[in-house]
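*Asks:* Note that the protein sequences, when read in sequence, are chains A and B. In terms of this note's numbering, the first sequence opens at residue 1 and continues consecutively. In terms of this note's numbering, the second sequence opens at residue 1001 and continues consecutively.
Just so you know, these hints were derived from the structure itself, not from any lab. Remember, predicted model here, so these are calculated numbers, not experimental data. Just so it is clear, CB atoms sit at the ideal spot from N, CA and C, and this is done for glycine as well. Check each hint, because a few of them may be wrong.
Said to hold, decoys possible - Label pairs and their in silico Cβ distance ranges:
(1) B:Glu1027 x A:His363: 41 to 49 Å
(2) A:Arg79 x B:Pro1004: 25 to 33 Å
(3) A:Ala335 x B:Glu1027: 51 to 59 Å
(4) A:Arg208 x B:Ala1015: 34 to 42 Å
(5) B:Pro1004 x A:Asp50: 20 to 28 Å
(6) B:Pro1004 x A:Pro442: 19 to 27 Å
(7) A:Gly223 x B:Ala1018: 13 to 21 Å
(8) A:Glu3 x B:Ala1018: 47 to 55 Å
(9) A:Phe190 x B:Glu1027: 26 to 34 Å
(10) A:Gly223 x B:Glu1027: 43 to 51 Å
(11) B:Asp1072 x A:Thr233: 42 to 50 Å
(12) B:Ala1018 x A:Pro278: 50 to 58 Å
(13) A:Leu330 x B:Ala1015: 45 to 53 Å
As the list claims (entries may be wrong) - Short derived list, chain A residues pointing at chain B, Cβ under 10 Å:
(14) Leu29
(15) Thr119
(16) Gln140
(17) Ala142
(18) Gln146
(19) Gly174
(20) Leu249
(21) Gly253
(22) Ala369
(23) Asp370
(24) Arg376
(25) Gly383
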Amino acid sequence: MSERAQPLIVGAGPAGIRAAMALVAAGLLPVVVDEAPHCGGQIYRQPPVDDGRDARARYGSEAAKASRLHRDFAALTERIDYRPQSLLWNLRDGVADLARDGVNHRVSFDGLILATGATDRVLPIPGWTLPGVFTLGGAQIALKAQGCAIGSRVVFVGSGPLLYLVAWQYQQAGVTVAAVLDSAPLAAKFNLVRGLPLAPPIVLRGMRMAAELRLRGTAIHFGVESVRIEGTTRVEAVVFQSGRGGRRLACDGIGYGLNLRSETQLADLAGCAFRYDPRDRAQLPVRDSSGRSSIPGVYLAGDSARIAGADAAECGGERAALALLEDRGLPHDRAQAIALEAELRKVDRLRDVLEAAFPYPSHWADDIADDTLLCRCEEISAGEARQAIKDFSLTELNRLKAVSRVGMGRCQGRVCGTAAAELLARETKRDIASVGRLRAQPPIKPIAFSMLSDDETSERQHEPAH
Amino acid sequence: MAMPLLHRIARNAHAPIAFTLDGVACEGRAGDTLLTAILCHGDSLRLSEFLGQPRAGFCQMGACQDCWVSLDSGERLQACATPLADGMRIVTGARS
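The whole structure should be built from the sequences, with the hints applied where relevant.
*Replies:* Okay, here's the thing in structure tokens:
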């Protein structure tokens, strides 16, 4: 009997780390692929070099969790095949292509845990491509991993817990945070009361951050609409409507985001079934409570299949690994699996509350001006997309992409896909659930042409002689 | 040269790394990504392909693909994910 290949874990954030630990504990030697040079994912991202700041300064209230994950993963490195700084760009039956330093590496695997995480969800607003505008996650990475502020007078715009967290972190770091512009009305925040019994420390911490922001001079505006970023070659001001009046605030940096969106390209390449998820307002790969996808041997952990945050990612990573062990006929801790699922259900209830407290501005497509760029790669405006939808009677997202190039650029619709779906639904008066989703294509991120040709050469060399 | 977009609040005294930005001698710090090194000196990374508008990255986590820059050798690099290396000659095309 030939030996089975090892499982492959994609992502070394909280989900991937916990998955790797559970597999190693059962005697497997998983391959762990990660784009970053160090483990931790985006939330627990480590700086490239020691910058004199300790975990407390970097991760705040989550310092203990971050340090434990980094330590636990470091202890695994002898027993896993760790591939940092590697882009998994292509996937087919049991074989993955990894790009590292311009060289392709082909890895065979048996069992796949996707812990690919999430990126910021954004909806375009006028001026959002100006230098100085970053996503909330980007603003946080600048501070956390590079020790840089995105401006000297910064405004944070959007919705979601990250909006307040990043604003607070900037203020703590001594940066002037001129304002927080929350797209949700103040009334939405009363939903947080329902979250208190579910997760008292999380909810109280959020409330404390908002209070401290105000105390130290940061204005918080609720129900903010018609946000426009002004500047000729870089950010100079933000203009918005709030309550009865319009306001203009001078600033030189803006962090913007509307919660998060799952990174689902690899689940798509793996052939996973997708389904519309009303809470995330997105098409997401289907997974059951154990993390199993619709494809045998493919598991989905953490934010990669639905947004639930870092604590849930830790639970989900371990749970998915236990499912893989069970499916492989190996001993696994059934009681632990049940406990993890109970914890995941609890986090899920908290997410319902957070979604109500930080609602998504689903009316965005009603108001977005024609001259606002919708797709920042291909530089297609909202008006051009609207015209294409009308001229070609489009009702499906991939058709819109083919006709207008929206979502066809280098980011493969990671940035504009959400907005393109909203616009298509609005223009055709259809439900967002029925406009489809952008299909992923290999390479899922840009790779060098030279690498592609090297790879072809090596494949030819490996072909058996006839 | 334009006013920097980013402001350092850590690693100010780390080892200097020399590079050039559109021919101008610059200094980064050990631990810098290309994005950080460039935007601590100027305010854009590149001009957009179709409209020629300045861009300076967006997500800083390798997703949005907005921060590709070129070396004078023609090699293209993702600025947010590439460590600055001594002697790099970066061409943004965004300055005259």
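*Asks:* Work down the list of hints and note, for each, if the structure agrees.
*Replies:* Hint check results:
1. At about 48 Å, the beta-carbon gap between glutamate 1027 of chain B and histidine 363 of chain A stays in the expected band of 41 to 49 Å.
2. For the pair arginine 79 of chain A and proline 1004 of chain B, the beta carbons lie near 44 Å from each other, so the given range of 25 to 33 Å is not met.
3. The hinted range of 51 to 59 Å is satisfied by alanine 335 of chain A and glutamate 1027 of chain B, whose Cβ atoms lie roughly 57 Å apart.
4. Checked against the given bound of 34 to 42 Å, the beta carbons of arginine 208 of chain A and alanine 1015 of chain B, roughly 38 Å apart, stay inside it.
5. In this structure the hint that proline 1004 of chain B and aspartate 50 of chain A lie 20 to 28 Å apart at CB holds, the actual value being about 24 Å.
6. Against the hinted window of 19 to 27 Å, the Cβ-Cβ separation of proline 1004 of chain B and proline 442 of chain A comes to about 38 Å, which falls outside the hint.
7. At about 50 Å, the beta-carbon gap between glycine 223 of chain A and alanine 1018 of chain B misses the expected band of 13 to 21 Å.
8. At roughly 50 Å, the beta-carbon separation of glutamate 3 of chain A and alanine 1018 of chain B lies within the given 47 to 55 Å, and the hint holds.
9. Hint check: phenylalanine 190 of chain A to glutamate 1027 of chain B, Cβ distance near 51 Å, so the stated range 26 to 34 Å is violated.
10. For glycine 223 of chain A paired with glutamate 1027 of chain B, a C-beta distance near 45 Å keeps the hint of 43 to 51 Å intact.
11. About 23 Å separates the C-beta atoms of aspartate 1072 of chain B and threonine 233 of chain A, a value inconsistent with the hinted range of 42 to 50 Å.
12. Look at alanine 1018 of chain B against proline 278 of chain A: about 53 Å separates their beta carbons, and that is inside 50 to 58 Å.
13. About 48 Å separates the C-beta atoms of leucine 330 of chain A and alanine 1015 of chain B, a value consistent with the hinted range of 45 to 53 Å.
14. At a threshold of 10 Å, the smallest CB-CB gap from leucine 29 of chain A to chain B is about 27 Å, leaving the interface hint violated.
15. Interface restraint check: threonine 119 of chain A against chain B, minimum CB-CB distance 4 Å, threshold 10 Å, status holds.
16. About 9 Å separates the beta-carbon of glutamine 140 of chain A from the nearest beta-carbon of chain B, less than 10 Å, and the hint is met.
17. Using the Cβ-Cβ criterion of 10 Å, the hint placing alanine 142 of chain A at the interface with chain B is satisfied: the shortest such distance is roughly 6 Å.
18. The closest approach between the C-beta of glutamine 146 of chain A and any C-beta of chain B is roughly 5 Å, which is under the 10 Å cut-off, so the hint is satisfied.
19. About 7 Å separates the beta-carbon of glycine 174 of chain A from the nearest beta-carbon of chain B, less than 10 Å, and the hint is met.
20. With its C-beta approaching chain B no nearer than about 18 Å, leucine 249 of chain A sits outside the 10 Å limit, and its interface hint is violated.
21. Interface restraint check for glycine 253 of chain A: the shortest CB-CB distance to chain B comes to about 8 Å, inside 10 Å, so the restraint holds.
22. With a least beta-carbon distance of about 16 Å to chain B, the hint placing alanine 369 of chain A at the interface is violated under the 10 Å criterion.
23. Interface restraint check: aspartate 370 of chain A against chain B, minimum CB-CB distance 15 Å, threshold 10 Å, status violated.
24. Checking arginine 376 of chain A against chain B by beta carbon gives a least distance of about 6 Å; that is within 10 Å, so the hint holds.
25. Below 10 Å, beta-carbon pairs count as interface contacts, and glycine 383 of chain A has none with chain B, the closest being about 14 Å; its hint is therefore violated.
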